[in-house]
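All chains, please: the whole structure from these sequences, using the hints.
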Amino acid sequence: GEDVEQSLFLSVREGDSSVINCTYTDSSSTYLYWYKQEPGAGLQLLTYIFSNMDMKQDQRLTVLLNKKDKHLSLRIADTQTGDSAIYFCAESIGYGNKLVFGAGTILRVKS
Amino acid sequence: DGGITQSPKYLFRKEGQNVTLSCEQNLNHDAMYWYRQDPGQGLRLIYYSQIVNDFQKGDIAEGYSVSREKKESFPLTVTSAQKNPTAFYLCASSIRSQGAVNEQFFGPGTRLTVL
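Protein chains in written order, with our numbering: chain R, 1 to 111; chain W, 1 to 115.
Hint data in this document are derived by calculation from the structure and do not stem from the laboratory.
We treat Cβ as the ideally placed atom computed from N, Cα and C, and that holds for glycine.
Hints may be right or wrong, so weigh each one.
As the list claims (entries may be wrong) - Pairwise CB distance ranges (calculated):
#1 R:E5 <-> W:K83: 24 to 32 Å
#2 W:G16 <-> R:R75: 46 to 54 Å
#3 R:D54 <-> W:E15: 49 to 57 Å
#4 W:S7 <-> R:E14: 32 to 40 Å
#5 R:D16 <-> W:S22: 35 to 43 Å
#6 R:R75 <-> W:Q98: 27 to 35 Å
#7 R:Q44 <-> W:Q98: 32 to 40 Å
#8 W:T5 <-> R:D54: 34 to 42 Å
#9 R:Q57 <-> W:T113: 38 to 46 Å
#10 W:I60 <-> R:F9: 20 to 28 Å
#11 W:F88 <-> R:V19: 48 to 56 Å
#12 W:A81 <-> R:D78: 37 to 45 Å
#13 R:M55 <-> W:F12: 29 to 37 Å
Next up, the structure:
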């Protein structure tokens with residue numbers, strides 16, 4: 001079945017880069033997503049990558065996709081305290097609208 | 001001011017009572033979703049609906065029911081059959097992407113506590 005795995009916790013110093021990793025199982029996923037959740041709130045889409053790309057850059061965010069290893073990563077450059085949140089990786093399933101989410105990585109940024 | 005709203009933000013119920021969580025969107029989205037979030041487990045899909053008057057079970061539908069009588073509204077009922085209902089419930093909506101990017105827009109969530 002479909003499964004998305006992430007490490008549960010990452011702690012970095014303000015100004016450093018953060019790298020959050022994710023592995024997924026469905027090789028037919030067309031899009032992979034990164035969502036951010038701030039405390040007590042819903043999720044918001046940060047960025048996404050189409051499965052035939054291997055990299056996407058959007059300001060401080062860089063997404064790398066290794067389709068052979070089914071590995072996705074999100075790099076946040078110059079991490080700020082406002083980046084402290086839970087980050088979820090998600091893959092699209094089939095041709096419909098379903099997404100499968102990972103358990104989330106808690107990012108803690110120390111000043 | 002477009003968006004997706006959930007009410008109430010906090011809900012307390014006694015064990016054995018059914019409770020209905022509200023979800024409304026004015027984004028003109030066809031698809032709507034209910035997720036449950038527990039610490040360390042991420043989001044799990046309860047039910048989803050791709051069009052009015054139609055909905056499908058997700059991965060953990062047991063003990064829950066939904067209706068989709070209007071495009072804007074997708075209420076979730078947590079029944080007494082749900083063994084462990086205390087959780088944070090998130091509603092989301094999206095366009096029907098049919099293989100394209102599926103950006104789901106999330107509400108602020110309802111924290112349900114069963115006493």
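We went through each hint and held it up to the structure:
1. R:E5 <-> W:K83: 24 to 32 Å: holds, 26 Å
2. W:G16 <-> R:R75: 46 to 54 Å: holds, 48 Å
3. R:D54 <-> W:E15: 49 to 57 Å: Given range 49 to 57 Å: holds, Cβ gap about 51 Å.
4. W:S7 <-> R:E14: 32 to 40 Å: Holds - the Cβ-Cβ distance for S7 (chain W) and E14 (chain R), about 36 Å, lies within 32 to 40 Å.
5. R:D16 <-> W:S22: 35 to 43 Å: The hinted range 35 to 43 Å holds for D16 (chain R) and S22 (chain W), with Cβ atoms some 42 Å apart.
6. R:R75 <-> W:Q98: 27 to 35 Å: holds, 31 Å
7. R:Q44 <-> W:Q98: 32 to 40 Å: violated, 23 Å
8. W:T5 <-> R:D54: 34 to 42 Å: holds, 38 Å
9. R:Q57 <-> W:T113: 38 to 46 Å: holds, 42 Å
10. W:I60 <-> R:F9: 20 to 28 Å: Check passed, 25 Å falls within 20 to 28 Å.
11. W:F88 <-> R:V19: 48 to 56 Å: violated, 27 Å
12. W:A81 <-> R:D78: 37 to 45 Å: Violated: the Cβ-Cβ distance is about 49 Å, outside 37 to 45 Å.
13. R:M55 <-> W:F12: 29 to 37 Å: For M55 (chain R) and F12 (chain W) the Cβ distance comes to about 47 Å; the hint is violated.
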